[in-house]
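> Sequence:
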Amino acid sequence: SNLGKHKRDVYDISADYNYNFAKKFNSTYGIRYNRFTAGGNSLLLPLFSSSYNFSEKTKVHFLVRSSARQPSFTELYYNDKANTGNPDLNFEKATLYETGINCDFLSINLFLRDEKDIIDWIRWDTTQKWQAKNIGNARFYGYEMGLNKTIERFSTSLKYFYTNSSKDADYISKYALRYAHHLLTGEISYPVIWKIKHEIYGLYKKRISGEEYFVMDTNFSRKFSVGEYYIGVDNLLDKKYTEIPFVPMPPRIIRFRMELTF
Numbered sequence: 272s273n274l275g276k277h278k279r280d281v282y283d284i285s286a287d288y289n290y291n292f293a294k295k296f297n298s299t300y301g302i303r304y305n306r307f308t309a310g311g312n313s314l315l316l317p318l319f320s321s322s323y324n325f326s327e328k329t330k331v332h333f334l335v336r337s338s339a340r341q342p343s344f345t346e347l348y349y350n351d352k353a354n355t356g357n358p359d360l361n362f363e364k365a366t367l368y369e370t371g372i373n374c375d376f377l378s379i380n381l382f383l384r385d386e387k388d389i390i391d392w393i394r395w396d397t398t399q400k401w402q403a404k405n406i407g408n409a410r411f412y413g414y415e416m417g418l419n420k421t422i423e424r425f426s427t428s429l430k431y432f433y434t435n436s437s438k439d440a441d442y443i444s445k446y447a448l449r450y451a452h453h454l455l456t457g458e459i460s461y462p463v464i465w466k467i468k469h470e471i472y473g474l475y476k477k478r479i480s481g482e483e484y485f486v487m488d489t490n491f492s493r494k495f496s497v498g499e500y501y502i503g504v505d506n507l508l509d510k511k512y513t514e515i516p517f518v519p520m521p522p523r524i525i526r527f528r529m530e531l532t533f
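According to my numbering, the sequence shown is numbered sequentially starting from 272.
Note that these hints are calculated values from the structure, not bench results.
No experiment lies behind these values; they were computed from the predicted model shown.
The C-beta atom is built at its ideal place from N, Cα and C for all residues, glycine as well.
Honestly, I wouldn't trust all of these hints.
[What the hints assert, rightly or not] Listed next, the in silico EDC-like pairs over lysine to aspartate or glutamate satisfying Cα-Cα at most 16 Å (straight line):
#, residue 1, residue 2
1, LYS364, ASP385
2, LYS420, ASP375
3, LYS511, GLU482
4, LYS468, GLU458
[Stated by the list, open to error] Pairwise CB distance ranges, derived in the manner of DEER restraints:
#, residue 1, residue 2, range
5, GLU458, ILE284, 39 to 45 Å
6, SER496, PRO521, 33 to 39 Å
7, LYS278, ARG340, 17 to 23 Å
Using the sequences and the accompanying hints, generate a full structural model.
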């Protein structure tokens with residue numbers, strides 16, 4: 272194959288301690304040790320989280336978590352007419368800081384993610400091959416807000432995500448620096464007739480590069496004593512858009528599914 276033959280072993284040891292006081296305050300302390308035979312790398316990754324319940328429906332939380340990702344075999348060794356791997360890639364490392372509040376129907380979270388040795392596929396113009404590189408360090412920060420409400424059998428959900436970064440690029444990024452600057456999702460579910468449920472899902476995304484699109488999915492479903500019938504339409508508006516540069520997403524798709532339970 273284009274990857275060749277390669278091998279690596281991974282050893283993982285982790286420990287956690289949870290403390291709960293008066294069913295109000297809860298905290299978790301953790302540590303994880305990773306050892307990778309390839310390159311002789313070892314990592315120590317701590318975790319701390321805490322939460323406080325003001326009431327049954329209101330909770331605040333705080334989280335600090337370190338993580339790491341070793342380069343995939345594709346990123347290290349893959350080679351074809353459009354992509355070139357890099358066997359000298361370093362591990363990608365990140366520390367996440369998050370705090371927020373969750374109420375009966377509202378949630379608000381703030382986050383800061385400090386990333387080092389970010390792995391990405393990049394190129395400087397469309398005539399070049401994609402190359403796997405460690406593109407340096409960056410801080411990603413933002414917030415998310417969510418509303419969820421159910422009244423009898425009618426339920427709605429609305430979520431908004433804002434993300435920004437300290438890093439700008441003078442090259443074309445395939446993944447890491449094509450993040451969603453603004454992301455809005457919405458969902459409505461309600462009964463129609465004959466015990467049929469109708470769901471509508473919408474997504475608006477605007478990337479930091481300026482690309483934006485809006486897509487909708489919808490489906491009808493009905494449960495029976497022995498299973499469920501389902502018919503749905505993905506990309507209802509038949510929008511043309513991409514998640515990966517120059518790779519178009521599928522057009523409108525109609526799906527039918529029948530599940531039987533015995």
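> Failing hints, ascending?
Every hint satisfied by this model.
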